[in-house]
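*Asks:* Listed below, chain by chain, are the residues.
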Amino acid sequence: GAQGWCRESRQIPGIVGRPPRRPQPERGAARAQIAFLQGERKGQENLKKDLVRRIKMLEYALKQERAKYHKLKYGTELNQGDMKPPNYDSDEGNETEIQPQPNSQLIWKQGRQLLRQYLQEVGYTDTILDVKSKRVRALLGLSSDASEKENRNQEPMVNGTESQMKENAMIGKPDLTDSASLLETFKFLENAAADFSDEEDEEDIEGREKTIIDTSTIVRKRVLSDSSEDRDTEEALKEFDFLVTSDEGDGESRSSGDGTDWEKEDQCLMPEAWNVDQGVITKLKEQYKKERKGKKGVKRPNRSKLQDMLANLRDVDDLPSLQPSVTPPSRPSSSRLIEHEINRTDEVEALTFPPSSGKSFIMGTDEALENELGLGELAGLTVANEADSLTYDIANNKDALRKTWNPKFTLRSHFDGIRGLAFHPVEPVLITASEDHTLKMWNLQKTAPAKKSASLDVEPIYTFRAHNGPVLCVVMSSSGEQCYSGGTDGLIHGWNTTNPNIDPYDSYDPSVLRGAFVGHTDAVWGLVYSAAHQRLLSCSADGTIRLWKATEIAPALNVFNDNQELGIPSSVDLVSSDPSLMVASFNSGHTSIFNMETRQRVLTLESGVDSTISSSCQINRVISHPTLPISITAHEDRHIKFYDNNTGKLIHSMVAHLDAVTSLAVDPNGLYLMSGSHDCSIRLWNLESKTCIQEFTAHRKKFDESIHDVAFHPSKCYIASAGADALAKVFV
Amino acid sequence: MVMAEGTAVLRRNRPGTKAQDFYSWPDESFEEMDSTLAVQQYIQQNIRADCSNIDKILEPPEGQDEGVWKYEHLRQFCLELNGLAVKLQSECHPDTCTQMTATEQWIFLCAAHKTPKEVWIYFVKSCNFMGQHYRLSKVSIKESSVAKLGSVCRRIYRIFSHAYFHHRQIFDEYENETFLCHRFTKFVMKYNLMSKDNLIVPILEEEVQNSVAGESEA
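Note that the protein sequences, when read in sequence, are chains A and B. For the first sequence, full-length UniProt numbering begins at 1 and goes up steadily by one. For the second sequence, full-length UniProt numbering begins at 1 and goes up steadily by one.
Treat the hints with care, since some could be wrong.
[What the hints assert, rightly or not] Here's a subset of chain B near chain A, in silico, CB distances under 10 angstroms, partners left out:
#1 R14
#2 P15
#3 D21
#4 M33
#5 L37
#6 R168
Treat the hints as calculated values from the structure; they're not laboratory data. A virtual CB, placed ideally from N, CA and C, is assigned to each residue, including glycine.
Pulled out of the complex, with its shape left as it was, chain A reads as follows (with noise of 0.2 angstroms):
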């Protein structure tokens, strides 16, 4: 039903008002661009075609979505038209359709025997067409500036290579002038020309009857083909705009519950299982409908003139424009001659990460995902050039375009609930430590397909054993050589880390184990690197926090809290906004500041408890921001508190789950906090609101344990999360 209605909405204002066509012909104008046109079209019938059919896979797997998520929700069967798969080569499945009104039928048909007459009585064929467009084109003075551009224009097409592409980007802006002077000149036809797109539709339908019986000559037929085509792709556009808007509300909602079915399919090909996100595919149609407008504008200023020419016949330069979306565009699209193929992966690859711009590390990934889910050729569609995605109205549709995490990878080898994450600085490299007694680290490029489900299994690439008790922590030097582990055994174990394309059948090999910093007589629960001084701190169940050299194995450099008037130290983290400060956080509820070389406290945060030791104000972890000197604390009475590192005033204070907070880390760039609770959920934390903007289940509980450790990737979109259930996940 839905879609009947965008297609009679459409059709009706064309069809309204419009008056009888009396050709006065100009013929010889006439004919030399009709000749020219035919010409032209030949070439971009078959990319167009292509596009066309890249939106209706896109339509018909946006209409499977919705079905699968009505039938989810409401139990029942969504009747939302025709869902037959799209026809690939024909646009009849969606011509039958159509039913045009029947008194507006009369006129047209009408109208097109007027226009018929009219070819006929011209009695071109296509030789002569052909024959006399070179000279026409000549008479009119466009030969040499029209055939040029197209010649570029294909270009990259043709050798498909990146520096012609480039080449012709730039080539592109001098012929964008010409052609949008060009377009100046016809700039009074537009309205002309916007109605004639949209006759053209109804012709169209008639057409396919018709011609049939009557033998029309080839020139019209071109000319339906064309339409048709171009109506398609309208429709469909149409229709996106009308899903968009009707989910609208629910697009928020889906985007937690999406995650879960986004792992399943996202290797999956077939279109049924598609799993369209909303922002994606409104980005997907700003893009395509600029593109169409480029092209409109640049590669075929004729159309316009095929219009003018056309509407002079018809007499109808008074109606008004009906399609804004038709309106010859007065932007360049470059974009447009990126044609789909050209390295897509590294083009992602760069959208992914930029440099500069550290929203975009959360935002601008929606390119990688749609690579993801296996769109397919699609995701070239959305590569557009920079100009496009940086003018598309990204204050609209900021929740739209934002990053939502989804299931990727679950790492199934521990034994037992695991205790602490880190990643490589830069590889898509994870090392958990669990409780299990062992270290695993994990190539997240080096993945398997698992048998039954559709998401992908990733192997332990390597073992690390030592410990002779359960693995608290774990810490990754700024290099990724090395790394870092505390144990219930009191042990700081440092390791060289093995190649991430190592054998993980490959024999022990006893160089991976550098040697044990021997010092704390108790469970050593947290560890930091320190990359500007490469030194390593540790915080003990002993009662007390030790500086190490990381570079050699031993003695401690300095000790803290030795006489333990503190508590007992449940976390540590380097203050980043002054590489000479660690905080420390204490299962008393203090939270204290120190400097690392003179031992001195240097501030103690303001905790409001009194210094009983109680467990209901224990401090899960402290993490400093990365950017702002700015403390923040995970609590066991569900709080997560923010401090200031100068005063030691309390900033902000919020109950953030519903059981004890357990882990917390900072996104990169400082715009975003993720934290892990008992209470088996990850929450996303815009940290400028302070608000809750994703939050998803990630692990079971163990006893009254679930939720262990997060962690973001330092420098690519993966974060993850260790769980007592023996399971470590990664997102993307």
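Following the hints, position chain B against chain A.
*Replies:* Below, chain B without anything else, positioned relative to chain A:
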């Protein structure tokens, strides 16, 4: 780190917990364990209570699916073998123990590696097998997966036999701490996962002599 009475007990090892206080919470009956990891919790709880009480550890709670029970026990064996592996690591190097042998007659070959490699391959493989099959439902387990448990048991047992015949001191030390090989032997016998002939570590004889003086063959 037992919680104050009256309030609900939260079984957590919070950051800062001392090693000796790890898991030091009151026992929970199997019926009260409402989490999906109840079987693992229950097994670990019994082991922590008294690791020498093998009969209690191997006694499944009423109504427990046997496949899951066997599977979870094997996971626990793999977990605890990490402890033995760490100890062996100091002594069992490729240059000293190039072949995975228990006695001179026993040379184990791995299908994926043409030459005999050290103990770790088997260990890594059985660990990976157990890990990869962790996806399986905790409530029930497929027959085909249960069938594979036997081969995992044989692989695991090679580690015990290797340690017993070549690193006896480590083996005895670890066995005194954990009774792991005793428990494993009883486990495979109870569920008929290995034939008696393959159990070459003389634990069964010892057990038999100690408990019942009936069966003499082992």
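*Asks:* Looking back at the hints listed earlier, which ones does the structure fail to meet?
*Replies:* 6
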